[in-house]
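Asker: So the chains spell out like this:
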Amino acid sequence: MATTKKITIEPVTRVEGHGKVTIHLDDSLNVVQSRLHIVEFRGFERFVQGKPYWEAPVLVQRLCGICPVSHHLAAAKAMDVIVGAGTGDGLTPTAEKMRRLMHYGQMFQSHSLHFFHLASPDLLFGYDANPAVRNVIGVAMEFKDLAVQGVMMRKFGQEIILATAGKKIHGTGAIPGGINKNLSIEERDSFLKGKDPLNVDKMIEWAQAAVEFFKGYHKANADFIDNFSYFPSNHLSLVRKDGALDLYHGVLRAVDSWGNKILNDVDYQEYYTHIQEETRSWSYMKFPYLVKLGKENGWYRVGPLARLNTCDFIPTPLAQKEFEEFKAYTKGKPSNHCMHMHWARLIETLHSAEMIKELLLDPDLQGTDLVTKGTKQHEGVGLIEAPRGTLFHHYRIDDNDQITMANLIVSTTNNNQPMNNGVNFVARNMMTGKREITEAMLNAVEVVIRAYDPCLSCATHALGKMPLEVTVVDKDNQIIDRKTRS
Amino acid sequence: MKSGISSILIYGYGNPGRQDDGLGNEFCEKMQEWAEKNNYSFLDFDSNYQLNIEDADRISEKEIVVFADASVEDIDSFQLTKVNPDHVKIEFTMHAVSPSFVMKLCQDIYKKTPHIYLLHLKGYKWDFREGLTARARKNLNAALKVMQGILAEEETGIILQKLESLTETVCCNNH
Chain A
2 MATTKKITIE PVTRVEGHGK VTIHLDDSLN VVQSRLHIVE FRGFERFVQG KPYWEAPVLV
62 QRLCGICPVS HHLAAAKAMD VIVGAGTGDG LTPTAEKMRR LMHYGQMFQS HSLHFFHLAS
122 PDLLFGYDAN PAVRNVIGVA MEFKDLAVQG VMMRKFGQEI ILATAGKKIH GTGAIPGGIN
182 KNLSIEERDS FLKGKDPLNV DKMIEWAQAA VEFFKGYHKA NADFIDNFSY FPSNHLSLVR
242 KDGALDLYHG VLRAVDSWGN KILNDVDYQE YYTHIQEETR SWSYMKFPYL VKLGKENGWY
302 RVGPLARLNT CDFIPTPLAQ KEFEEFKAYT KGKPSNHCMH MHWARLIETL HSAEMIKELL
362 LDPDLQGTDL VTKGTKQHEG VGLIEAPRGT LFHHYRIDDN DQITMANLIV STTNNNQPMN
422 NGVNFVARNM MTGKREITEA MLNAVEVVIR AYDPCLSCAT HALGKMPLEV TVVDKDNQII
482 DRKTRS
Chain B
4 MKSGISSILI YGYGNPGRQD DGLGNEFCEK MQEWAEKNNY SFLDFDSNYQ LNIEDADRIS
64 EKEIVVFADA SVEDIDSFQL TKVNPDHVKI EFTMHAVSPS FVMKLCQDIY KKTPHIYLLH
124 LKGYKWDFRE GLTARARKNL NAALKVMQGI LAEEETGIIL QKLESLTETV CCNNH
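Note that the protein sequences, when read in sequence, are chains A and B.
Anchor point for the first sequence: position 324 equals 325 in this note's numbering, and the numbering is continuous, going up by one each time.
Anchor point for the second sequence: position 5 equals 8 in this note's numbering, and the numbering is continuous, going up by one each time.
In short, the hints are calculated from the structure, not lab data.
Treat the hints with care, since some could be wrong.
Derived lysine-lysine pairs resembling BS3-like cross-links, with alpha carbons at most 30 Å apart [stated by the list, open to error]: (1) K194(A) x K114(B); (2) K296(A) x K334(A); (3) K115(B) x K196(A); (4) K21(A) x K128(B); (5) K128(B) x K287(A); (6) K182(A) x K33(B); (7) K40(B) x K114(B); (8) K194(A) x K115(B); (9) K52(A) x K115(B); (10) K65(B) x K145(A); (11) K114(B) x K203(A); (12) K168(A) x K141(B); (13) K169(A) x K65(B); (14) K114(B) x K293(A); (15) K33(B) x K168(A); (16) K168(A) x K165(B); (17) K52(A) x K128(B); (18) K242(A) x K115(B); (19) K33(B) x K169(A); (20) K128(B) x K169(A).
To be clear about the criterion: a stretch of chain A counts as covered by chain B if any three or more of its residues have a C-beta under 8 Å from a C-beta of chain B, and this derived list gives those stretches [as the list claims (entries may be wrong)]: (21) 137–146; (22) 149–155; (23) 162–174.
The C-beta atom is built at its ideal place from N, Cα and C for all residues, glycine as well.
Let's have the full structure, built from the sequences with the hints guiding it.
Answerer: Below is the structure:
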C-alpha cells in the first residue's frame, strides 16, 4: 500500500485568522492532493439573529476590520429592500452617489494597498527573493517614490471613507433606505483641490503610472505573468444592466473560460436559485458553485480578474483604454491567467480614481434628500463588488423587525476553489520529487494565494499570535519538517 | 498648553466589536476624555481597526507616539515596550502591519524617528460582542492610571524618562 506524506503551511497571523496549506505526497514523492484549509469558524450569521434589522449595517463591520465598508454597504443594500426602498434603484441620487463615493474610496485604498504593499515587492525583487527584503520596507529603501505613492494613495482612500462613512471604525454613513449625511463643499474641495499629493488628479496620475509599471513588468516577464498558476475557470461578478463594469450595483453575470455566458444578467435577489454552497469536511470555508453546472464544474473566480472578464466595457475613459489593451491580450476572450489579477486590479484602481473625481464633481453629493422609505418587506439581499470580489448579504426579518436569518457569502469564500487550484498548481510544480519545503516553494504559495488578496479573517487581532509556520507530516502525523517564517 | 511639551500621539487600535479586542480603542477614548478635561492640547489621538502603511505619514510629525493594542500574551495586566524599527515582522498578506513596521516605514520614507512605545493591554475574550470583559476593564483602568500619571508631567524629557522606566516594569493590577 502506498504511503503518503503531508506538508502543512500554516499562515497564522494577527489579522488573518487561521489558514493552512496541506500537501500530500505519495511514496514516490508525487503530489497526491493539496488543500487550503480555513480552520476558524466565525459563527457570525448566528450572531446577527435576533438583532433589529436597522442595526445590521453597523453590526456587520465587526466581521472584518479589513473591508468593513464592503460589509457595511452590502448590509445596507439588503436593508434597502427590507424598508421598501427598492432593489438598488430606489435611493435618492444623493444617497446612491454618497454610497458610491464611499465604495470607490474603499476600492481605491484597498487596491492601492495590495499593489504597493503586496504585489510590487514581489515584482520588483522577484517572488523568489528573501521575504526580509521582499516587502514594502524593501521597496521604501530602494524605490522611495513608489513607497510614498502607496502610502498617500491609501491615505487618500481612507479620507474618502471617513468623509462618507462618518467614522473610521464602525462607520454609520449608510442606513436602511439611504445615507445619513451628504458631502460638504469643504470636504469636496479638500479632495478636488487638496495640497499635492492629496488630491484626486494626482491619484489618477499615480494610478495610471501603476498600470504602466505593471505593463512594463509584464513585457519583461511574460513567461511568469502568463504562465504562473494558469488554469481555466468560470468568472462571476455584478455588471451594470448595459454590461458596464459597476462595482456598486447591477445584475449577476457569469462567463465560462471561453467567454460564453453561463449566468445571463440575473436579478441577484434570487441568487440562491443560481448559486449554492458545498461544505467539505476539511475546511470551515464553504465552496460555492453555479447550480446549472453542478458541484464539480460550477466553481468560479470572483474579484478584479473576473470582473474584467464578465463586463463589456468600463465607463470611464482612461480605464476603458487600458481595458481594451487588457482584452486584446487574450484576443477578447477571458483571461484565465492568475497573475493578470494584478493587471486587472490596477485598471480598477484607475477606474476608481476616475469615478471618485466624477462623483466629486456631481452637485448631487450636496443634496439634502437622503432617505427613501416604502412598504416593508421581510426579506432582502444586498450584493456588492468588494475589492476581493462579489459579496452576498441575505437577511430575513420577522414582524418584530428582528433578523431571523442571515446568509453571507464573502468574496474569499467565492474564491475558495480557485485558491485551492492555485496552491495545487504550485505544489505539483514545486514539490513533486521533494521531501522538504524550500523557501522558493513557500514564496510561490504566498504569491499565488496573495494574488487573490484573501481575507481569511475576522479582524480579531491581538498581540502574540503565531507567525507563518510550515510543517511536514507523514501519514502517521509524525512531523518530518517544520519551518517558521516570522 | 503646558510649556516644554512636544506633540504626542496616542493611537489605539483593534476591533471594538470583538470584546477585548477593543482595549486599544477604549484606552485611546478614555485618554482623550482625560486630555480634554485637563486641556492638554499637546496630546493628539487616533484610532483604527489596525495599523497600516498610511500611519507612517500620521506619526511622522510627532515626537512621541504611544500605540495601544489588546494582547493575548502571557502578561499580567499591561506592559509598555519600546518599539524597535529593526524588529519588523513581515506578515503573510499584510492587511495590517506592526508598530515596528510603521516606524521603519516612517524612517525610510520621511527620515523621521519619533520615540514610539507599544502599550500591550491584556485581553481575554474575542467574541462578536461590544464591551470589554470585567478583567480587561480592570487592566485598562490600571494602564490609564499609570499613563495619565506620566503624561501629566511638565516636560517632554521627564515624560520620556518615565516611559522608559515603565518599559522595564512588569505591570499588574495593583498599579
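Asker: So, for every hint listed, does it hold in this structure?
Answerer: Structure-based check of all given hints:
1. K194(A) x K114(B): holds, 27 Å
2. K296(A) x K334(A): holds, 24 Å
3. K115(B) x K196(A): Within the cut-off at roughly 21 Å; holds.
4. K21(A) x K128(B): Roughly 24 Å between the alpha carbons, so the hint for K21(A) and K128(B) holds.
5. K128(B) x K287(A): Holds, at roughly 26 Å.
6. K182(A) x K33(B): holds, 27 Å
7. K40(B) x K114(B): violated, 34 Å
8. K194(A) x K115(B): It holds: about 27 Å lies between the C-alpha atoms, which stays within 30 Å.
9. K52(A) x K115(B): Since the Cα atoms of K52(A) and K115(B) sit roughly 47 Å apart, the hinted pair is violated (cutoff 30 Å).
10. K65(B) x K145(A): holds, 21 Å
11. K114(B) x K203(A): Holds, at roughly 23 Å.
12. K168(A) x K141(B): holds, 27 Å
13. K169(A) x K65(B): Holds, because 21 Å separates the two Cα atoms, which is no more than 30 Å.
14. K114(B) x K293(A): Violated, because 57 Å separates the two Cα atoms, which is more than 30 Å.
15. K33(B) x K168(A): Within the cut-off at roughly 17 Å; holds.
16. K168(A) x K165(B): Distance of about 33 Å is beyond 30 Å: violated.
17. K52(A) x K128(B): holds, 21 Å
18. K242(A) x K115(B): Not OK: K242(A) and K115(B) at ~50 Å, beyond 30 Å, violated.
19. K33(B) x K169(A): Between K33(B) and K169(A) the Cα gap is close to 17 Å, so the pair holds against 30 Å.
20. K128(B) x K169(A): With Cα atoms ~23 Å apart, K128(B) and K169(A) stay inside 30 Å; holds.
21. 137–146: Holds: 5 residues of the region 137–146 of chain A have a Cβ under 8 Å from chain B.
22. 149–155: Holds: 5 residues of the region 149–155 of chain A have a Cβ under 8 Å from chain B.
23. 162–174: holds (count 3)
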